[in-house]
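**Student:** Assemble the whole structure, with the sequences as input and the hints as a guide.
The listed protein sequences correspond, in order, to chains L and W. Okay, so the first sequence: first residue is 1 according to my numbering, each after it adds one. Okay, so the second sequence: first residue is 10001 according to my numbering, each after it adds one.
Hints in this document: simulated from the structure, not taken from any laboratory. It cannot be assumed that every hint is accurate.
Anything over 10 Å on all C-beta distances counts as not near chain L; from chain W, calculated [to be verified]: (1) 10087; (2) 10274; (3) 10285; (4) 10335; (5) 10413; (6) 10460; (7) 10499; (8) 10501; (9) 10532; (10) 10642; (11) 10897; (12) 10983; (13) 11003; (14) 11046.
Have a look at the derived ranges for each label pair, beta carbon to beta carbon [as the list claims (entries may be wrong)]: (15) L/336 x W/10777: 41 to 49 Å; (16) L/55 x W/10914: 24 to 32 Å; (17) W/10064 x L/41: 49 to 57 Å; (18) W/10635 x L/336: 50 to 58 Å; (19) L/258 x W/10777: 43 to 51 Å; (20) L/258 x W/10637: 55 to 63 Å; (21) L/55 x W/10837: 56 to 64 Å; (22) W/10697 x L/320: 55 to 63 Å.
Here are some chain W residues pointing at chain L (derived, C-beta under 8 Å) [as the list claims (entries may be wrong)]: (23) 10725; (24) 10729; (25) 10730; (26) 10860; (27) 10862; (28) 10880; (29) 10882; (30) 10883; (31) 10884; (32) 10886; (33) 10887; (34) 10898; (35) 10918; (36) 10920; (37) 11024.
Idealized CB from N, CA, C, for every residue including glycine.
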Amino acid sequence: MDAPLDASVQKIPLVANQRSMEWVTEKVSNIVETRTPFWWWIAFCITSPIACMGLCCIAYQISTGVGVWGENHPVGWAWDITNFVFWIGIGHAGTLISAILFLTRQKWRTAINRASEAMTLFAVICAAIFPGIHVGRVWMAWFLAPVPWYEGVWPNFRSPLLWDVFAVSTYFTVSVLFWYTGLVPDLATLRDRTTSRVKKFFFTVFALGWRGSNRNWRHYEMAYLILAGISTPLVLSVHSVVSFDFAASVLPTWHTTIFPPYFVAGAIFGGFAMVLTLLIPARLIYPQLKDLITPKHIDRMAKIILLTGCFVTFAYAMEFFIAWYVGNPYEKFAFYNRIWGPNGWYWWVGMLFCNAVSPQLFWFSGCRRNLFVVYFVCLCVDAGMWYERFIIIVGGLYRDFLPSSWHMYHASWVEVGTFVGTFGIFLSLFLLFMRFLPMIAMSEIKIVLPESDPHHHGEEHGVNSGASE
Amino acid sequence: MKRVFEHPPEPQGGKKYWRSLDELAGTPDFAASLEREFPQGAAEFNGGDVSRRHFMKIMGASTALAGIGLAGCRRPEMHLVPFTRSAEWVIPGKFLFYTTSRPAARGYVPLIVSTYEGRPTKIEGNQFHPINGGHGRTDHFTQASILNLYDPDRYRCFKNASVDTDEAAFIAALDKIIVDYSANQGEGLAFLMEEDPSPTRERLRAAVMAKLPLAQWCVYEPLGGNTADAELTAFGSGIRARPLLDKADIVLSLDSDFLSPTEGTIEQTRGFTDKRRVDEPGHKMNRLYVVENRYTITGGMADHRLRIPASEVGVFAVQLAAELASQTNDATLAGVAQSLGKTKATASFPEGWIAELAKDLLANRGRALVMVGSQQPVAVHLLGAAINSALGALGNTMAGILPVSAPTAKIGALADSIKQKKVSTLFILGGNPVYDAPAELNWASLQESIPTVIRSGHLLDETSNSANWFVPRAHYLEYWGDGRSSDGTYVAVQPMILPLYGGWSDIDIFARFAGLPKPAGPELVQETFRQIAGPVPDFAAAWNRFLHDGYLAGSDSSTQRSLFFLSAATGSAIGEKASLNAVSGAGNYEVVFTPDFHTFDGRYNNNGWLQEAPDPVTRLTWDNAALISPVTARELGVQNYEAAGDTIEITLESGAKLEVPILIAPGHADRSISISLGYGRTDTGRVGTGAGYNVYPLRTTLAPYYVFTQQVKFTGGRGVQAITQQHFNMEGRAQIREGTLAQFAEDRTFAKTMGMDEELPKAGNPTIYTHPPFTGMEQWGMAVDTNTCTGCQACVIACQAENNSPIVGKEQVINGREMHWMRIDRYFASYDDTDPDPEMLVEPVLCQQCENAPCETVCPVNATVHTPDGLNSMAYNRCIGTRYCANNCPYKVRRFNFFDYTQRPIYPVKTPFGEIGGLHLGPLTTKGSPDPIKMQRNPNVTVRMRGVMEKCTFCVQRIEEARIATKVRAGASDNIKIPVDAFQTACQQACPNEAITFGDITEPEAKVSKLRASPRGFRLLEYLNTSPRILYLARLRNPNPRMPGADKLTSFQKKEKGGFAAEPSGAGDFSGGPR
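**Tutor:** Pasting the structure below:
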């Protein structure tokens, strides 16, 4: 399935096979401009009913009550908040790639940033569903907004849940702006190429009159830089704030100071895995993308997965160490119960195998190059990160301080249906994105082509020279 | 709907006023026209040529025309109509309190009932009554009995041969019966009644007996027990024993659950726990020995407990009597022991148990008391009476009272008469014999064979459905009556509301037989009162005093104390009158039939509060189960799962079979199976339908309490069980702290250093937050004494009644969503996990009203906030239901409305896709709760909707009521501080043992402040620094140091400091983990 790797992966240029600028424009725009392929309809006919099922589950839950889920008295949050944290975590890779890698001049980001930013948006949309619907009285959720004229009551600014609302909404807004700003030059390209009057109208409107002038580029690059600067702290803050939902509580296993970095690392870990989960099949479907998303990109992302995987593994180990070291019997029990309790296998499979062990394969370059292995590890990490959040949330609740209140938790079909439904929503949105917008940032790719840098500055020294690492 | 006005009956006698000759003649046309006098909702016009159709045409045209101008575009106007004639003293918006009492076979429970605009809403104990000693005490049955009044399934009409009819038809039929039987002096007439110590009922019954001397009378109580029969033999006729627990220092319970409302009385539990208040130096504590087959709440309070099969209790009693006789050379006792001990059965008990017990009893002569389980055979009761006599208990720790009712026939005798066709008309007043009569009588077919059966009952149950006449039965809050409380005091029963469905009480029926009209008021009770009170100077004043106080002072039978004794002659005669039938070893296993905590004998089957109140020992709701010990479970190869138990099939020699799921009960005797009665009803209301397993088919007259099995085997099936507590082990966390009396004498603050509290900084927990400003004039707090809490659940039901908490149904309990604001945690503690004799501990847990409440900081919408007087309050209309507060509550006392429990049916609803739980259908089902249920609700407490979090508020409505009353009293003055202990919370008020004390903790005179100064005080999870406003007082046990196993408690503490060791093997953790 992959090109034979004769040379070292590191020798692969950012765009393989000496592709020209025209080639890039042609091949990427083609994805949008050609007739809707048959496979797309099949895929969409699978994902959209799943999305509808999810929406039906949500409608049922809102009309009937949170009781249609499996939550109970000690376990007030379960799949709802697990899914929220899971999707928010997925959403982290996009912004990290767009903002932090941009600021650190990691040019290889250009091939993957558009798709991963889109993925971020769709993941945040899926994430935002859950805090919205998990409350008992959805129609009163606007109490969360700081509008004091109702009853003269402000929201409680001490509550991490409120910080969450602000953090997630800020993150979503900035991510949309960032993604859209990056899209403007490419929308202009499509506008100029399209023959359909309808498409022309929309591309014209959304390209905001882009003419590719020097002035346009100056404004564009400044705006992009500023948004990258704004986004960078958000990458760290959003998941830190999400982790405060737990860290600011009193429950054993929730009440820990290491949660913010632990959660951020986990989010990047899971997010990169999800980017690869989507792009590896996309490369298969559109072989032209193989020249843009090269084994080198995959290799680097695998390395980031390895790095963040080691972070989370360290955090897991520290949790156990601290629980033992502080000598608090509640804390000790909770961690003992995590491993040996009735839901222990979640830990063994989800946290230990999927998150801690499987990424260790990426120490070996052969594994990083073998797309089967990469894909397997990414799937493991996707699942493992869901389990991690589930273990933290439900594990912290179902056996806490007073053993008399301990109660098992079992998910209901509605919860499962809602979660599966969000995958339907996510994938449907991603399929629509692939059909209607350029999934590779053409303008940015062109910037990293050797032609754009005739004086051989920077990373890519000529066509055949490798990256200077 | 045509409304029928219930005009008050015309007063009898005097001038008769009439409006027209038609009225005077009483023509039916006139009667109809009277009813139409107020034609609201009348379906059609009277005469004239305006037909309904014509009217509709005109109206339709008018509406259309009006619509053109949109003049009618406004909300429909509705009018609130005030009472034209209010009930006495009603002030809209305020409660009115009346005394009354609840009929119960073991003595009426004296009560004060709150009524709101003419409807009773809450029942409290009558604190003025002598047995209550200034504190209103109740039990969970009493608290829940108000729900029976408003039971929407109560049948609302008279019924004859399956056709609804009215009262007039019944009166006509009744009068015909009376006339017919007056001719033959009542031959062929029979009455089957419930036991009811009501002097008026008894007086009228005597009047009927005088008129119809040949009529047969039978009283049947399925759980009546053998006490009365035994007392007849031991003490001669006319005397019933009344144990005085408050006088006893040493109590031995021989299978008697006297602390539980299913077997004991409030007087007994109060007397017992009053002897366990030991905070003042020099206070003595009583000691309780319990011999029983299953853990009961009495067993949970024991200082020494011996678990033996119920069938071996007799052997134990014989051996104890022999031991006592040999230690004292008491010839009477020796004679009784010898004559009753002629059984071949043997059983061995732990070495030294009986000898040390006997020594302890003898050392406390005159202060010792033996309680015998009411269901134990007569012989065991006789042994108990003989032991009590030998220990000098009679007259000291046991008084005698006069029984109210004359002895009647047993149900077996009545059944014989029916078989011989000697009964042509049977009145079944209450009870439910088709369901609960002894199995061998086959009552259902007996009842079929009687030409006329007239049934007075609440529901269309098994008995009603096969009776010719159904007469709605008045609830005790609907009629005038009277009774004797457990100490013999004469108490009043006042109606709080007119009979909702025109129900008749026994008194009404007997009055008709005695030739009196159906009483419209208290006149019949007044007559009885006149007889009991004797000549009084001012009858009206005395009567008013009686109603005001609820009891007649000085009317108890305390004078009878000296009148009863067990003579040497009686003692030697005992052996001839009774024998201990062969006991243990006769069968495979013994099956013990126990009263049910929820339904008693089945009568409360349709009461949702009781169904959902967790059994204090097993924590089971909505169900009964076969309780077995872990060892027996291993023998049978069965186990429990997270919400289910393996099903066993029990076969008796008679061939009777029962399939029932097991529940492994730590502390249960081996080779013994306990199953509670009162479930598996076939005809009942919507609450009781489908719940549990019917055990009555195994129960016969000869073996009413325990029976030996022929075979017990695992069927391979499973039964679903809803248990509110899945984990029984305290995990060494010292939530409940206990020590021995000796330990307490040595280190009075032992409880303060148990568990994590030992690690606390000496200067107290530092805090980085400032406390909320506690600027209120009062600071509310509570003290909960675990030494007097038996775990009886009266508080749980009281809280539910006071705070409009919904019931959620079995399926939701399995899902862990019960809505009780307070729960009684029950733990077992043992030295190691092979110990078959764990200790049982209970602890009420409600919102701790933390000063640094973790729930408050996390609520994003400020729906739970602190008040200046220290309450952690809930604003229901602000809550959006994030559930974060509940997650962050370390005590897990917050309750979330996962569904619209008050608005949607909790029972399964038929749909085209099969039966689906009504809650899960949401908007597809009907909305709204049945009307009568709404009438019970406390108007001062919001009924919560779905999606809202709720929890204990320290009865904030009562606090505010007291505050308003204080401010009204204060007027312009500044004296607006609520007086000390001016009011109580619902749980505190209901507690029969005063284990819960609430009040202003800044007021040194308040009871709560005094208790909070106790050295036994500790707070739950102190190390979290939540600073709860509830202080628990540690539990104390008073073991006899010479008894085997006396050092058990101290040895736990040595093993795991301040904590408790592992849970009993095979039991406990049902939370699905690997075991």
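**Student:** Each hint should be assessed against the structure and marked as holding or not.
**Tutor:** Hints and how they fare:
1. In this structure residue 10087 of chain W is separated from chain L by more than 10 Å, as the shortest Cβ-Cβ distance comes to about 38 Å.
2. At the 10 Å boundary, the C-beta of residue 10274 of chain W stays outside the reach of chain L, the nearest C-beta of that chain being 28 Å off.
3. Every CB of chain L is more than 10 Å from the CB of residue 10285 of chain W (nearest about 27 Å), matching its label as outside the interface.
4. No Cβ of chain L approaches the Cβ of residue 10335 of chain W within 10 Å, the least distance being about 50 Å, so the stated non-interface status holds.
5. With a cut of 10 Å on Cβ distances, residue 10413 of chain W stays outside the contact zone with chain L, its closest approach being about 49 Å.
6. With a least beta-carbon separation of about 32 Å from chain L, residue 10460 of chain W lies farther than 10 Å from that chain, consistent with its non-interface assignment.
7. The claim that residue 10499 of chain W lies off the interface holds: its Cβ sits roughly 37 Å from the closest Cβ of chain L, which is beyond the 10 Å cut-off.
8. Against chain L, the non-interface label of residue 10501 of chain W holds: every CB pair exceeds 10 Å, the least being about 33 Å.
9. At the 10 Å boundary, the C-beta of residue 10532 of chain W stays outside the reach of chain L, the nearest C-beta of that chain being 48 Å off.
10. Not every beta carbon of chain L lies more than 10 Å from that of residue 10642 of chain W, the smallest distance being close to 6 Å; the non-interface claim is violated.
11. At roughly 7 Å from the closest C-beta of chain L, the C-beta of residue 10897 of chain W falls inside 10 Å, breaking its exclusion from the interface.
12. Chain L leaves residue 10983 of chain W outside its interface by the beta-carbon criterion, the shortest separation being 29 Å against a cut-off of 10 Å.
13. Separation of residue 11003 of chain W from chain L is adequate, the least Cβ-Cβ distance of about 30 Å exceeding the 10 Å criterion.
14. Residue placement check: residue 11046 of chain W keeps its beta carbon more than 10 Å from all beta carbons of chain L (closest about 27 Å).
15. Evaluation of the 41 to 49 Å hint for residue 336 of chain L and residue 10777 of chain W yields a pass: the beta carbon distance comes to about 48 Å.
16. Separated by about 25 Å at the C-beta atoms, residue 55 of chain L and residue 10914 of chain W satisfy the suggested range of 24 to 32 Å.
17. Distance hint check for residue 10064 of chain W and residue 41 of chain L: the Cβ-Cβ separation is about 54 Å, which falls inside the suggested range of 49 to 57 Å.
18. Checking the proposed 50 to 58 Å range against residue 10635 of chain W and residue 336 of chain L shows it is violated: the Cβ atoms sit about 32 Å from each other.
19. Look at residue 258 of chain L against residue 10777 of chain W: about 45 Å separates their beta carbons, and that is inside 43 to 51 Å.
20. Judged by the Cβ atoms, the range 55 to 63 Å given for residue 258 of chain L and residue 10637 of chain W is violated: they are separated by roughly 48 Å.
21. Between residue 55 of chain L and residue 10837 of chain W the Cβ separation comes to about 57 Å, which falls inside the hinted range of 56 to 64 Å.
22. Between residue 10697 of chain W and residue 320 of chain L, the C-beta spacing of about 56 Å keeps the proposed range 55 to 63 Å intact.
23. A least Cβ separation of about 5 Å between residue 10725 of chain W and chain L falls short of the 8 Å threshold, and the interface hint therefore holds.
24. For the restraint placing residue 10729 of chain W at the interface with chain L, the shortest Cβ-Cβ distance is roughly 6 Å, inside the 8 Å limit, so the hint holds.
25. Hint status for residue 10730 of chain W relative to chain L: holds, with the closest Cβ pair at about 6 Å, below 8 Å.
26. This hint holds: residue 10860 of chain W has a C-beta 4 Å from the nearest C-beta of chain L, less than the 8 Å allowed.
27. Hint status for residue 10862 of chain W relative to chain L: holds, with the closest Cβ pair at about 4 Å, below 8 Å.
28. At about 5 Å, the closest approach between the beta carbon of residue 10880 of chain W and any beta carbon in chain L falls short of 8 Å, and the interface hint on this residue holds.
29. About 5 Å separates the beta-carbon of residue 10882 of chain W from the nearest beta-carbon of chain L, less than 8 Å, and the hint is met.
30. Given hint, residue 10883 of chain W at the interface with chain L, holds; its Cβ is 3 Å from that chain's nearest Cβ, closer than 8 Å.
31. A hinted interface residue such as residue 10884 of chain W counts as satisfied when its beta carbon comes closer than 8 Å to some beta carbon of chain L; here the least separation is about 5 Å, so the hint holds.
32. At a threshold of 8 Å, the smallest CB-CB gap from residue 10886 of chain W to chain L is about 5 Å, leaving the interface hint in force.
33. Checking residue 10887 of chain W against chain L by beta carbon gives a least distance of about 4 Å; that is within 8 Å, so the hint holds.
34. The closest approach between the C-beta of residue 10898 of chain W and any C-beta of chain L is roughly 3 Å, which is under the 8 Å cut-off, so the hint is satisfied.
35. With a cut of 8 Å, the hint placing residue 10918 of chain W at the interface with chain L is violated, because the nearest CB-to-CB distance is about 11 Å.
36. Residue-level restraint check for residue 10920 of chain W holds (minimum Cβ-Cβ distance to chain L is 6 Å; threshold 8 Å).
37. With 8 Å as the threshold, the beta carbon of residue 11024 of chain W comes within range of chain L, its nearest partner Cβ sitting at about 6 Å, so the hint holds.
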